[in-house]
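Residue numbers (the numbering used here), protein chains in the order written: chain A, 1 to 331; chain B, 1 to 331.
Heads up, some of the hints might be wrong.
One copy or two, either will do: identical chains are not told apart, so a pair holds if it fits within one copy or between any two.
[Unchecked claim] No more than 25 Å apart at the CA atoms, straight line, and that leaves these computed lysine to any residue pairs for SDA-like:
{"id": "1", "residue 1": "LYS150", "residue 2": "ASN117"}
{"id": "2", "residue 1": "LYS41", "residue 2": "GLY61"}
{"id": "3", "residue 1": "LYS239", "residue 2": "ASP323"}
{"id": "4", "residue 1": "LYS150", "residue 2": "SER309"}
{"id": "5", "residue 1": "LYS240", "residue 2": "LEU47"}
{"id": "6", "residue 1": "LYS41", "residue 2": "GLU264"}
{"id": "7", "residue 1": "LYS46", "residue 2": "ILE319"}
{"id": "8", "residue 1": "LYS137", "residue 2": "GLN123"}
{"id": "9", "residue 1": "LYS137", "residue 2": "ASP323"}
{"id": "10", "residue 1": "LYS223", "residue 2": "ALA201"}
{"id": "11", "residue 1": "LYS150", "residue 2": "PRO79"}
{"id": "12", "residue 1": "LYS41", "residue 2": "LYS240"}
{"id": "13", "residue 1": "LYS46", "residue 2": "ASP134"}
{"id": "14", "residue 1": "LYS223", "residue 2": "ASN117"}
{"id": "15", "residue 1": "LYS46", "residue 2": "ALA219"}
{"id": "16", "residue 1": "LYS41", "residue 2": "VAL293"}
{"id": "17", "residue 1": "LYS260", "residue 2": "ALA73"}
{"id": "18", "residue 1": "LYS150", "residue 2": "THR81"}
{"id": "19", "residue 1": "LYS255", "residue 2": "PRO78"}
{"id": "20", "residue 1": "LYS240", "residue 2": "GLU40"}
These are calculated hints, taken from the structure and not from any lab test.
The primary structure of each chain is shown beneath.
There are 2 protein chains.
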Amino acid sequence: MPASTLQRNRCGKSRFRREARAGNSVDEFELIDRFFDRKEKSAGVKLGIGDDGAVLEPSPGFDQVQVVDTMIAGVHFPPDTNPADIAFRAVAVNLSDIAAMGARPRWMTLALTLNNNSEQWLQSFAAGLYEAADPHKLALVGGDTTRADKVTVTVTITGEVERDAALLRSGARVGDTIYVTGTVGDAAAGLALLQGSAHDAFLVSRFLRPPARIATGRALVGKAHAAIDLSDGLAGDLKKMLTASGVGARVEIEKLPLSKAICEQFDDEERKHLALTGGDDYELCFTALPDAVADVPGITAIGEVCDSSNLRFYLHGDIVTVDDSGYRHFQ
Amino acid sequence: MPASTLQRNRCGKSRFRREARAGNSVDEFELIDRFFDRKEKSAGVKLGIGDDGAVLEPSPGFDQVQVVDTMIAGVHFPPDTNPADIAFRAVAVNLSDIAAMGARPRWMTLALTLNNNSEQWLQSFAAGLYEAADPHKLALVGGDTTRADKVTVTVTITGEVERDAALLRSGARVGDTIYVTGTVGDAAAGLALLQGSAHDAFLVSRFLRPPARIATGRALVGKAHAAIDLSDGLAGDLKKMLTASGVGARVEIEKLPLSKAICEQFDDEERKHLALTGGDDYELCFTALPDAVADVPGITAIGEVCDSSNLRFYLHGDIVTVDDSGYRHFQ
Numbered sequence: 001m002p003a004s005t006l007q008r009n010r011c012g013k014s015r016f017r018r019e020a021r022a023g024n025s026v027d028e029f030e031l032i033d034r035f036f037d038r039k040e041k042s043a044g045v046k047l048g049i050g051d052d053g054a055v056l057e058p059s060p061g062f063d064q065v066q067v068v069d070t071m072i073a074g075v076h077f078p079p080d081t082n083p084a085d086i087a088f089r090a091v092a093v094n095l096s097d098i099a100a101m102g103a104r105p106r107w108m109t110l111a112l113t114l115n116n117n118s119e120q121w122l123q124s125f126a127a128g129l130y131e132a133a134d135p136h137k138l139a140l141v142g143g144d145t146t147r148a149d150k151v152t153v154t155v156t157i158t159g160e161v162e163r164d165a166a167l168l169r170s171g172a173r174v175g176d177t178i179y180v181t182g183t184v185g186d187a188a189a190g191l192a193l194l195q196g197s198a199h200d201a202f203l204v205s206r207f208l209r210p211p212a213r214i215a216t217g218r219a220l221v222g223k224a225h226a227a228i229d230l231s232d233g234l235a236g237d238l239k240k241m242l243t244a245s246g247v248g249a250r251v252e253i254e255k256l257p258l259s260k261a262i263c264e265q266f267d268d269e270e271r272k273h274l275a276l277t278g279g280d281d282y283e284l285c286f287t288a289l290p291d292a293v294a295d296v297p298g299i300t301a302i303g304e305v306c307d308s309s310n311l312r313f314y315l316h317g318d319i320v321t322v323d324d325s326g327y328r329h330f331q
Numbered sequence: 001m002p003a004s005t006l007q008r009n010r011c012g013k014s015r016f017r018r019e020a021r022a023g024n025s026v027d028e029f030e031l032i033d034r035f036f037d038r039k040e041k042s043a044g045v046k047l048g049i050g051d052d053g054a055v056l057e058p059s060p061g062f063d064q065v066q067v068v069d070t071m072i073a074g075v076h077f078p079p080d081t082n083p084a085d086i087a088f089r090a091v092a093v094n095l096s097d098i099a100a101m102g103a104r105p106r107w108m109t110l111a112l113t114l115n116n117n118s119e120q121w122l123q124s125f126a127a128g129l130y131e132a133a134d135p136h137k138l139a140l141v142g143g144d145t146t147r148a149d150k151v152t153v154t155v156t157i158t159g160e161v162e163r164d165a166a167l168l169r170s171g172a173r174v175g176d177t178i179y180v181t182g183t184v185g186d187a188a189a190g191l192a193l194l195q196g197s198a199h200d201a202f203l204v205s206r207f208l209r210p211p212a213r214i215a216t217g218r219a220l221v222g223k224a225h226a227a228i229d230l231s232d233g234l235a236g237d238l239k240k241m242l243t244a245s246g247v248g249a250r251v252e253i254e255k256l257p258l259s260k261a262i263c264e265q266f267d268d269e270e271r272k273h274l275a276l277t278g279g280d281d282y283e284l285c286f287t288a289l290p291d292a293v294a295d296v297p298g299i300t301a302i303g304e305v306c307d308s309s310n311l312r313f314y315l316h317g318d319i320v321t322v323d324d325s326g327y328r329h330f331q
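Looking at chain A on its own, in the form it has when it is part of the complex (with noise of 0.2 Å):
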């Protein structure tokens, strides 16, 4: 072959080993050295982030879980979040799957793909991250950095639940009562909010900051029959439950938990939608038995598990249907 081509062709490659090795070598390490790996040792963790892999330890006795989620600027969140709060979000959905599952988190790895971004948005990134993980003693043990177009975060979380008692969303029975924890609509109202004039603190954390219903999710295990975290919202979520179940179910509107902050910035109407179909609310809706979660804080009954294939909503006693453009009285 002669040199001439081989020397573009090894322009060419620079261009792939140039960019990818600005992920890949150096410049990746020193980033996870500075700002990702904290050196101390957790639970369970033999060798952490700088080998080919880390090494873990599963507990005797548990099953694993592992959970998946990828946000990427602009379709997610709004490119211009501050990065302790995509980070925070990033782990916190992640969670949230954990927690439906009944299981408690160990680890994490993180695939982060910049765009130019400065120091300083990488210590807020790394800040937010941990303060999703440290209260849950989630270790993060791996990770790839890349750079690309758009801010792109993918977390891989596995955790541990008791064997063969893992909440699945497949087994809910008729008779159940259906619970959600917290209050919902509050994630789509703050999404609103921030992509407009008005601010209301509460429910813009809500969206950025989505809960982690880790404790909750560890309580049902053993008590509730089947479980699902609202990410798409309440009405599609439970859909999606009593499917899985093969049964239906009636909810009755006026019990979903409101927080005082939707109800002084939306109208009935607006809040009811916003609880039904709104997404981003990562709280758990799950079904079981009232004398079985009856020392379960933080939760409301809104409905209960029927022999049917239908979910219907009932307001006031009547039937109203519930789609995304909101609910209307059954025609």
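Dock chain B against the given chain A, drawing on the hints supplied.
Just chain B now, with coordinates in the frame of chain A:
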């Protein structure tokens, strides 16, 4: 809050929710069902794709190894790469990290960012994914599908290795022999050809479909003292292993194993340069006592670990220096 403001906000909100939904709700389930979820049970997978998380059963007596790697179109592979090759490579580079730790692969998650890719594209991608995974009994247990400008693939793999037996970068000992698997430089040669006018099916396949030296990695458990996989080029990666181990080494350039194809397509200086500094080989480099690995096939001794802090390269007995632009006689 006035309805008009909410309306405006709702429109803004829709931009995020609709795009997010294109990845996160109906479309995603359809995609996963049609192309990725094969329904069959895999060993240790109690619950695969379809709930909030996968439920997995670790093997008693084993440590786990977790690895993660991201590949972006236009950064890590040419944008027009065959989708089956993109998927194969995304899995293979992670398998290579698993191999370098001496582990056997068990479970994989896939975070896939699509860019209006066709059904045909997805079908080909899924086929390539399983082509890479199936020979190693690696099960896909979870995923997240999103949409953005550039195809981005993040794969995580969990493997298992006998307790406290993982191969680390840090275990190289003075007097060890240094080995590599297979042949080196081929992938960089293949990428150069891929971007030029010449062609060689073997070399190109060495870039697009890197080997996963799982069997060799497993054979080295309890025998090798240190190991790393070759992603950034032999000279740089070997240096990382030596630094982690606090030792130096001498490497005989004439001992580097070269393929017949690289010798046919590139002249002597070019192929030595590719073998020493070309990335993406995903072969293993490890140190061991020769007696311990005498029965391990497909490996070549290239040098030895020395009591110094330097990595020195020799060509026919003369010291030469190696950097990104190649090697030259020591000045």
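Going through the hints against the structure:
Taking the shortest alpha-carbon separations for LYS150 and ASN117, both the intra-copy value of 10 Å and the inter-copy value of 18 Å come in at or below 25 Å. With identical chains, the CA atoms of LYS41 and GLY61 are at most 25 Å apart both within one copy (23 Å) and between copies (21 Å). In the homo-oligomer, the alpha carbons of LYS239 and ASP323 lie at most 25 Å apart inside one protomer (12 Å), although the nearest pairing across protomers, at 60 Å, exceeds that limit. For the identical chains of this complex, LYS150 and SER309 are neighbours neither inside a copy (42 Å) nor across copies (40 Å), given an alpha-carbon limit of 25 Å.
When the C-alpha separation of LYS240 and LEU47 is checked against a cutoff of 25 Å, the pair qualifies only between copies, where the shortest distance is 16 Å, while the shortest distance within a copy is 39 Å. Taking CA atoms no more than 25 Å apart as the test, LYS41 paired with GLU264 passes in neither setting, with 46 Å inside one copy and 51 Å between copies. Taking the closest pair of Cα atoms, LYS46 and ILE319 never come within 25 Å of each other, the shortest separation being 56 Å inside a single copy and 39 Å across copies. Only within a single protomer do LYS137 and GLN123 lie at most 25 Å apart by alpha-carbon distance; the minimum there is 20 Å, versus 40 Å between protomers.
Taking identical chains as interchangeable, the C-alpha atoms of LYS137 and ASP323 are never at most 25 Å apart, the minima being 39 Å within one chain and 43 Å between chains. In the homo-oligomer, the alpha carbons of LYS223 and ALA201 never lie at most 25 Å apart, since the shortest distance is 35 Å inside one protomer and 59 Å across protomers. For the homomeric pair LYS150 and PRO79, the shortest alpha-carbon distances inside one copy (9 Å) and between copies (16 Å) are both at most 25 Å. For the identical chains of this complex, LYS41 and LYS240 are inter-copy neighbours only, at 22 Å across copies versus 40 Å inside a copy, given an alpha-carbon limit of 25 Å.
For the homomeric pair LYS46 and ASP134, the shortest alpha-carbon distance inside one copy (18 Å) is at most 25 Å, but the shortest distance between copies (29 Å) is not. In the homo-oligomer, the alpha carbons of LYS223 and ASN117 never lie at most 25 Å apart, since the shortest distance is 46 Å inside one protomer and 43 Å across protomers. In this homomeric assembly, LYS46 and ALA219 come within 25 Å of each other (Cα to Cα) only across copies, at 22 Å, whereas the closest approach inside a single copy is 29 Å. Taking the closest pair of Cα atoms, LYS41 and VAL293 never come within 25 Å of each other, the shortest separation being 36 Å inside a single copy and 33 Å across copies.
In this assembly of identical chains, the alpha carbons of LYS260 and ALA73 never lie at most 25 Å apart, being 30 Å within a copy and 46 Å across copies at closest. Taking the shortest alpha-carbon separations for LYS150 and THR81, both the intra-copy value of 13 Å and the inter-copy value of 21 Å come in at or below 25 Å. Taking CA atoms no more than 25 Å apart as the test, LYS255 paired with PRO78 passes in neither setting, with 32 Å inside one copy and 54 Å between copies. When the C-alpha separation of LYS240 and GLU40 is checked against a cutoff of 25 Å, the pair qualifies only between copies, where the shortest distance is 22 Å, while the shortest distance within a copy is 41 Å.
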